[in-house]
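Just so you know, the protein sequences line up as chains A and B, in that order.
Read the first sequence against this note's numbering and you will find it ends at 300, with the numbers running on by one and no gaps.
Read the second sequence against this note's numbering and you will find it ends at 263, with the numbers running on by one and no gaps.
Everything labelled a hint here was simulated from the structure, so no lab data went into it.
In this text the structure is predicted, and so the values were computed from the model without any measurement.
We put the CB at the ideal spot given by N, CA and C, even for glycine.
There's no promise every hint is true.
[What the hints assert, rightly or not] Using C-beta positions, here's what the derived DEER-type ranges look like:
1) B:D80 / A:S13: 42 to 48 Å
2) A:R66 / B:S31: 48 to 54 Å
3) A:E118 / B:D258: 32 to 38 Å
4) A:A98 / B:R207: 47 to 53 Å
5) B:E67 / A:R66: 33 to 39 Å
6) A:P16 / B:P144: 49 to 55 Å
7) B:D258 / A:P276: 49 to 55 Å
8) A:R181 / B:Q21: 30 to 36 Å
9) B:D181 / A:N52: 47 to 53 Å
10) A:P30 / B:P144: 42 to 48 Å
11) B:S49 / A:A148: 44 to 50 Å
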Amino acid sequence: MTHSTPPEDVSPSRFPAGPLAGRAGASFKPQHLQAILDDPAPAGFFEVHAENYMGAGGPPHAALKRIRERHPVSLHGVCMSIGGLQPLDETHLARFAALVKRYEPALVSEHLAWSTHETTYYNDLLPLPYTDATLARVVDHIDQVQSAIGRPILLENPSTYLLFEDSTWEETDFIREVARRSGCGLLLDVNNVFVSATNHAFSPTDYLDRFPLDLVGEIHLAGHDEQRDDEGDPLLIDSHDGPVADDVWNLYETVIRRAGPIPTLVEWDSDIPDWPVLKAEAGAAEAIMRTWDQPEQRYA
Amino acid sequence: MPEHHADFAAAFAPGLLDPDQPTPDFVTGHSGKAANLRFNVYRNNVTASLLAAVGEIFPLTRRALGEDAFRAAALTFVRDHPPTSKLVFEFGHGFDRHLADRGFAAGDRGWIADVALLERIWLDAYHAADEDPLAPAALGAIPPEKLGAAVFRTHPAARLVACRTAVVSLMAALKSGDDTDAALGKARERPAETALVTRPALAVDVRALDDAAVAFFAALVAGKPLGEAAGEASIHEGFDLAAALGAVLETGAFASVDVEESS
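Extracted from the complex, chain B is given alone in its bound form (with noise of 0.2 Å):
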């Protein structure tokens, strides 16, 4: 074999994702016939596909969009980035940035990339591994005076997520069939969202969190004792701390508490 195609995949690759390379000179049809339309057949392969997962990963993104603007989207993001992942269900990550960087979500359209970058978490907790969330036992099983030691583990699916637009009410916007416009008009009016996303059990759940929740959530997640949280909490109008460690075991975001003995 000569020695320019002994690493076939090396000359056959480059073309695949960028039209503007030609097909591979070492490629060929049966009986002499040209390789032109054939090697299109792999380069719309890999860009249909990837093309594909973008769409079903980034739904509600695609529906903020519209459809040409989200394909010229995923377009420039699928040949900038392509996968290094085989696992296409890890395919995504950075599509927010992407986004913003080139112009898809600027200015008043800034809010769908917050919408994208929480598809992408979305996804990640679908797949993230399984635990038993916090049960309401083992809270109870903490003496009252060590309670404010006790440290929460985070559950693996669970995310808390800081945006810069109301992410929460834009998302459910966009799935509200009726009045789409509408709903987005007043989403958009709405402050800043942070968005809790857990996976208790099979089904991902995303809300925003109110600030006092926010505070609370933060302080926890970051492997800060019940009482510190509580304290930053308390700060924020109406902190109530029993709603909130109801919450603690209602939203599933915790795995498993620990009492810290040096106190």
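Just chain A, same shape as in the assembly (with noise of 0.2 Å):
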């Protein structure tokens, strides 16, 4: 088959929207394509990471494309180092801002995290300190990408593995702080409370208390793994190759139970599963979110 680059300026949109309420998506990988073609129920929507999408053609764009005619289409962002001291890359913005453009996602996403010094481009999610010096500048960079895209975007939790002597903000107050200064929203990734709770020694279930659960638009989910930090004690990895574990899936009934269903991705990104299998996790949080579907149900 032939594909083209779909036209420019062509509105209004050119795909459907897809309400994404009560719905949880799966992240898309190349390899699942045919068999979410062929399932007539697939998932509610399908996340991708934006870098693997900056090229200028060819399979990728033609896969995503047929996705998205089909499906409203999550973006999230894993390298635009919104964390870092360094201003944003100008052209990294740019193709960013292209691909919202194009694919009109009906979530777009990125980390509070840094993955870029000077010119070199670590492939990883690097923590930062929680200091004002550095909740100034995750404004800017948060202000700065929000007017490229001319849209707000869902700033997303990180999973840590250690902690910076110079931090004076908890994590939960800087992000939301972060929030209401940018006017962005919230990317809940609950694997991500568990695994820092569990490396730091603190409550998941105090974290959320702390969380402004108001502003989250997205809720993700993962599968970690467990080492050993620097005593014997577990330390857990965020590392997205497995299925979602029952404490995680615990604490996000806990979030759905006090805020209601929020969009639900589950994110499988290394050891990837058949189509099934991870669509049974979506499945899964589709269920929890039917449960909690009613506001007298739950509790503030």
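With the hints as a guide, bring the two chains together.
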């Protein structure tokens, strides 16, 4: 088949909108393309890592176009380096904005992390200290991204493995203040909450108590691995290579019970299973949302 | 915040790809816990993810080198030439030179650098801009008397790659499941090949061209008019203009054609 670049500046939308309320989605993996196209009811939406679709053309765009013709898409950036001190990469920002325009994603998100220092790209979500100075920089960077794409983004809470002696803000307060100043929404990664809570010995439910759930536009669920820290205690790794852990499902239900249904994405990025396995994980999230979809069932 | 911590990334980054760098002194675990293994998670994430990227970009190079040598080559490459692009699929340019320079593909293993070069170009073609290849009708519309002045524009995915070894045959041998060693042995005895890499639709194609076709395609890719390209190719035995034009269309190496009016 041949594939041509979609025309620019065509409006209104060239794609179906697809309401996300109460829906769960899955990471889109190219090896699942045919299974998804053959599935009459595959998932509520599909999320892609923006950078994988920043090539000029070829099979990635052809596949994403076919998905987007049928389903809402969530665009998840992983390397904007919003949490870094150095200026954002203008070329990268322009590519990101072009993708937003091209695929009209239902959700657009990025991370509270950095990945580039000077000219080196480290291909990982690296942590930052939570200080007045980093807060101001993160807000500036989010302003810049939101201006470039003409809409708010959702900022994701990180999994972290260490702490900075210089931090003066609690992570939840830092995130709340970033959202207040920048106007961004939040992506609550429940697995990240569980991973960080274990790694830093805090209560994940206390974290959720402090987290501004009213600003959450999307939830992430994923699997994690376990290693050991210097003292031999468990150190959880945000690995995205297996099913969602039971503890994380329980924490997710806590969030949904409090906040009601929120579009939820099951991430699975390595050791990727066949499509039905990933679909079943998304289905489990939708089942929990259906259980708690009436406000009178919930408590604040 | 102390001055030396203000640029936390500058203090955090050096250890990510250099295992001899200590854990930064301003990171910690909770309750006074140490942070060496904690910092190592980041070191490992960075290194492992980049090694995985190199492995995915160069699967045949990996097969040719063997697991241990490939890992050693990839590790030194990642540390010496970490990515400057945020797009991982752009990583790995220069891996062929690294293999040669660092002795991983030296002497009678020099052909492995050619395999790496072509695998990197394969991925460039995979992500290249979409464009319909030249249609037969576009060529047919040119009056015969003006055909010699026809100039072709190369398709965004197309590359002509002259190698020192029989790189296309070697890659085919590496892919052959049954008796790879025997197939490699034969391929290594073949003369050097020039590869034409194309992606007229969604599938990348890599083929070796004969000497006449190499001369013809190289001239066209360089922007020389068809008549001149045919002249350069005709010094090679067996050059057939009709067949060569058929290959121009069939390979999808070109996207459009124009006739130079000044003759």
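* Asked: When you take the CB atoms of B:D80 and A:S13, is the distance between them in 42 to 48 Å?
  -> holds, 47 Å
* Asked: Should the hint that B:E67 and A:R66 are 33 to 39 Å apart at their CB atoms be regarded as holding?
  -> Distance hint for B:E67, A:R66 holds at roughly 36 Å.
* Are B:D258 and A:P276 spaced within 49 to 55 Å by their CB atoms? -> holds, 52 Å
* If you check the beta carbons of A:A98 and B:R207, does the distance land in 47 to 53 Å? -> violated, 33 Å
* To do: Could you tell me whether the CB distance from A:E118 to B:D258 stays inside 32 to 38 Å?
  => violated, 44 Å
* **Verdict for A:P16, B:P144 (Cβ pair) under range 49 to 55 Å** => Since A:P16 and B:P144 have Cβ atoms about 50 Å apart, the given range 49 to 55 Å holds.
* Distance restraint evaluation - B:D181, A:N52, Cβ atoms, bounds 47 to 53 Å -> With Cβ atoms ~36 Å apart, the hint is violated.
* Could you check the hint for me, namely that A:R181 and B:Q21 are 30 to 36 Å apart, CB to CB? => Given about 35 Å between the Cβ atoms, the range holds.
* State, for the Cβ atoms of A:P30 and B:P144, whether the hinted interval 42 to 48 Å holds or is violated. => holds, 46 Å
* Could you say whether the range 48 to 54 Å given as a hint is met by the Cβ separation of A:R66 and B:S31? => holds, 51 Å
* Range hint compliance [Cβ, B:S49 to A:A148, 44 to 50 Å] -> violated, 26 Å
In the structure shown, a violation is registered for the earlier hints numbered 3, 4, 9, 11, in ascending order.
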